[in-house]
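Given two chains presented individually in distinct reference frames, assemble the corresponding complex, making use of the accompanying hints.
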Amino acid sequence: MIPYVTRILVKSVVTLFAIATVTFIATRLSGNPIDTFLGDGLTTEGRAELIRYFQLDGSLWQQYLAFLRGALSGEFGLSFVDRRPVTEVVGDRLWASGQLLLASVGLTVALSIPLGILAALYRRSWVGSAVMMLAFTGYAVPSFILSIVMILVFSYWLNWLPVVGNATFAHFIMPTIAMSGVLIAALTRFTRNAMLDVLGQDFIRTARAKGLREARVVLRHGLGNAGVTVISVIGLQVAGLAAAGSVVVESIFSWPGIGQLLVNAALIRDYPVLQFGVITVAVAVVIINAVTDLSYALADPRIRLARS
Amino acid sequence: MAILADPMTRPRRKTGRTDFIQKIAIGLAVLLVALAVFAPVILPFGPLDQSLLSRLRPPLGFERYLSGHFAGTDELGRDVLARALHGLRLTLMLAFAGALIGLVIGGTLGLIAGLRRGWVEDAIMSLVDMQIAIPFTLVALLILSLLGSSLTVLVMVLGIAGWEQYARIVRAEVRRLSALPFIEAAWTAGAGPIYAAWRHVLPNLVSPLVVQFTLALSNIVILESTLSFLGLGVQPPQPSLGSMVGLGRDYMPTAPWIVLTPAVLIVALTFSVQILGDWLRDRADVRLHDR
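Sequence lines, in order, name chains A and B.
0 is the number of the first residue of the first sequence in my numbering; add one for each residue after it.
4 is the number of the first residue of the second sequence in my numbering; add one for each residue after it.
Note that these hints are calculated values from the structure, not bench results.
Treat the hints with caution; some may be incorrect.
As the list claims (entries may be wrong) - Just some of the chain B residues that point at chain A, by a computed CB distance under 7 Å:
1. Thr-140
2. Leu-141
3. Ile-146
4. Leu-149
5. Ser-152
6. Ile-225
7. Gly-234
8. Met-255
9. Pro-256
10. Thr-257
11. Ala-266
12. Thr-273
What the hints assert, rightly or not - Cβ-Cβ distance ranges computed for the label pairs, FRET-style:
13. Ala-126/B <-> Ser-72/A: 28 to 38 Å
14. Ser-128/A <-> Pro-256/B: 52 to 62 Å
15. Arg-286/B <-> Ala-129/A: 22 to 32 Å
16. Asp-91/A <-> Thr-111/B: 39 to 49 Å
17. Pro-256/B <-> Gly-164/A: 14 to 24 Å
18. Ala-129/A <-> Pro-239/B: 32 to 42 Å
19. Ser-181/B <-> Val-12/A: 25 to 35 Å
Note that beta-carbon positions come from the ideal geometry of N, C-alpha and C, so glycine has one too.
Just chain B, with the same shape it has in the complex (with noise of 0.2 Å):
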């Protein structure tokens, strides 16, 4: 026990051994990525395909189903199994932008605040703190609400919403790597500050960014389909896993199906990036700010 105190050199788990669930959350993440991929390739109906004659039938297994519509139709006889992964596909892209606006604004400002000492590092670590103090969620409503549901918006909330994480990590990184004896020899090599930054720093932070990205991925993910939930992320007829959920909950007591397949997938989502995140930081050995 005696090993454990301290913190930075508590045992981990061994590297690279990775464990059934993680299999299981890996092989989950690759299939929900492929099937968002390839939607409009592998079904054989469109998001937007209404067919009044069969609304709300019931997926397979259950009476009343109709053949091809393997999660059921909705009030507008929409197929939900194409809805749902045509909104899995928005919801993915939408991540992917929002967490790489995440990473450029906040990666940059961390390496700004690494390697430039002095007023310059406050006042960039005094917004971190000021992002952090400030419930996101409600700033993102007050934006979305007054500058309308675009999805230019609410790719720059989504964006908004993680970058103080990248840049805590990135200058902590920074700073620590700047104490390191190869960093100093490239200064006394002459080496300029935005060499030493791209040649000597920036290979260092890609493990610990890799990481943090994709555990943001999931954070984003939850934010995105709540917002689209209370109705202002993404507007129909533009399916989104989050905005199936808001809207089918009318149906709920008849036709649970239109809420409960996106709801699957979402939770499907979240999980099994977060334990891709997990993963990828044991293999990487990184420690980020999870206390």
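Isolated chain A, as found in the complex (with noise of 0.2 Å):
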């Protein structure tokens, strides 16, 4: 057990420690900071003078020693926008996002399991198929046209649902359907496969053999050792998709969380809110990953015995 917790403490430092590396390089590819960061506008004495204070005027090397120590005492700079720190910037879209990602793991929870538990139950029937081309398309269609489709349909046709926002209640459910679409699929997918091979096993024979009602057999023995593995993929899929979701959706409804921040500031080249916001992302991917990890070992006597 243990040496498995520090495995995978261990794999989150250096995780985390890469994608530091990762957005350091990514801006200085391109060319001086201080050119990048600061733009046109600027004297040659005032140039001089920020890149002596910025510490460019030394090596690659120590350069990149300087962004570490900054990035552990939270330093990371001003939005070149509002010229508040980034941390502030990104810390008020927070809640935000964090809403829309429980409203979408919520219904991706809801629908997926028991999907997922019907396709792996009725699998050579219609039933399961028809699950299993659901899962399909999920997969098939991106999220921005399941939003743009949505948009034109309920808001532009119908008129039923409010497009900028989230103010309301009705403001959440196109958000959340778009982006639970690929969440839907992966979850589904991965419930099945699991029932699958839960249902096969032999102490499930034994509950039948005993005289255990199906639902019982299903419910307690099958998805009680199945919730494991679909829990961890909860974790560990779930956050990295629903962060590449966000990305999308939010810029599309103007939902006023991190995800469309960081497009907006791609796309006008605030790059301190962007390097800030991949990395705060990063962070949360990479922590709920760790606990991912730590709780399926908890979980799992398999993991939790045979490692110590």
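Have a look at this one:
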């Protein structure tokens, strides 16, 4: 157990470190960050002053160390646009993104697990095929197309739902569905496969043989065991997919979250915000992954005991 | 049901059988590739030809239809079908180039990881883990914003997007093959690592790699059109399916065909390519990490 936990923690730290390094390299690849970050309108003396101040006259290695020091003490610079620390700019947006994420994960879990179980139980009939076809569609339709088509039908043609913002419950409906499409596809498939694996085990036959009701066999013995795998998938896959999805969906629906902020920052080249936003989302994903790995280890005695 | 106990022996669909949906999907994929290849030849309009007197005309079958413009025209009077098919052409070229770059990077690293154990393998596999952990769309945003959205940068980004899948497949397959008698026989007969890899391992990698390549194509199409939709991929006036949807949004209430034509093409492409990938997987009977 302890080596397992250590490995997860080391992996998380290494990944975070790699992300910080990638963002550093990306900003330096595009030339002098003073020119990149401050743009035109700077006098020659002012520029030289800033280069000294930010220690950009040092070697790339020294600059890298300075960047890491700044990152560790939470200093990521000011936004070009509103001249506030990027930590504040990004922080203001956390809650809106969190709300959308929670709504989407909620919808995904509520739909995918029953659908996945259905697809596993009726995999030879049309029910199973229909569910798998649905999952397939979820993979094939990019979230921006799902969003656009929903806006066209439900906002412009039927005039049922609002497009912009996050004020009321009605505002949540389309963004949540758009975010969930690919998540539902992924989780349904995983649930089905995990259930198929478990339902073929000997202890399921034993449970049936001792006369348990089918519902109890499936839910208690089947889902009870498949559940561990399913939860790990929610943590590992869904976090990454949702991070990518939020970028698209938030910018389409003008949702005041981090995803929209990132796309705008990328388009108007507000690099400090972009850099810190990417790091924030990556940190969130890494933390969710680590927590998932840890709870997986705690929940599964085969891992918990095997490694000690 | 007992046979399901071991996931490796789970009965799969009989190989070689092609069902109705698969036939349609394969036909559609071939049709789309043909349309993309021959777009400049079959279309009477160029993707950039403007005609300000015939702006925002609807497609065939609607009032005010302008003969010849089957999918209507956009806000500058450009033919929507011509733009969409040229966009499809560009999307497919980018996707093939990206998938190929991913194949070369991932395949090489996977081969090295599979053949050379020890720290080399550990280093490569932790790179793979990192690539999986980082939400790549965000990294793509960062890179494209910083380096500018030229087609070269875009192709590199699309190539890096999926390399880790190839690396995992190649490494796993190399390890499986290494334990088989014929490889051992090759070693015993004095074959060096490079000879063994080239002569005995690579031929066995062809079918899993073809399958992965196909599945990667559809992922790359989605990534490319998403980036172009957001304005960070292919830049105007060059048409791409994603950017057509993105730029056509403003005209959606009055001229939905500008958005719907490329949207239908994207979905048709991802759908048919994914089904094609599944079909190839069934036929080649290879197991990929799809769980």
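Is the interface hint satisfied for Met-255/B? The criterion is a beta-carbon contact with chain A at less than 7 Å.
Holds. Min distance 6 Å.
Cβ-Cβ distance between Ala-129/A and Pro-239/B: within 32 to 42 Å?
Holds: the Cβ-Cβ distance is about 41 Å, inside 32 to 42 Å.
Could one say that the CB atoms of Ala-126/B and Ser-72/A fall in the range 28 to 38 Å?
Holds - the Cβ-Cβ distance for Ala-126/B and Ser-72/A, about 30 Å, lies within 28 to 38 Å.
Taking the closest Cβ pair, is Thr-273/B under 7 Å from chain A?
Cβ of Thr-273/B sits 4 Å from chain A, so the hint holds.
If you take the shortest Cβ to Cβ gap from Ser-152/B to chain A, is it below 7 Å?
violated, 10 Å
Hey, does the Ile-225/B contact hint survive, CB to chain A under 7 Å?
holds, 5 Å
Supplied contact hint for Leu-141/B, tested at 7 Å Cβ to chain A:
Constraint on Leu-141/B satisfied, holds at 5 Å.
The hint says 22 to 32 Å between Arg-286/B and Ala-129/A; measuring C-beta to C-beta, is that right?
holds, 24 Å
Given Thr-257/B as an interface hint, is the shortest Cβ-Cβ distance to chain A below 7 Å?
With Cβ-Cβ at 9 Å, over 7 Å, it is violated.
Tell me if Leu-149/B is really an interface residue toward chain A, meaning its C-beta lies closer than 7 Å to one of theirs.
Result: holds, 4 Å to nearest chain A Cβ.
So, as I understand it, the hint says Gly-234/B touches chain A; can you test that by seeing if any CB pair is closer than 7 Å?
Hint holds; Gly-234/B Cβ to chain A Cβ min 6 Å, cut 7 Å.
Assessment of proposed distance window 39 to 49 Å (beta carbons of Asp-91/A, Thr-111/B)
holds, 44 Å
When held up to the earlier numbered hints, the structure conflicts with 5, 10 and 14 and fits the remainder.
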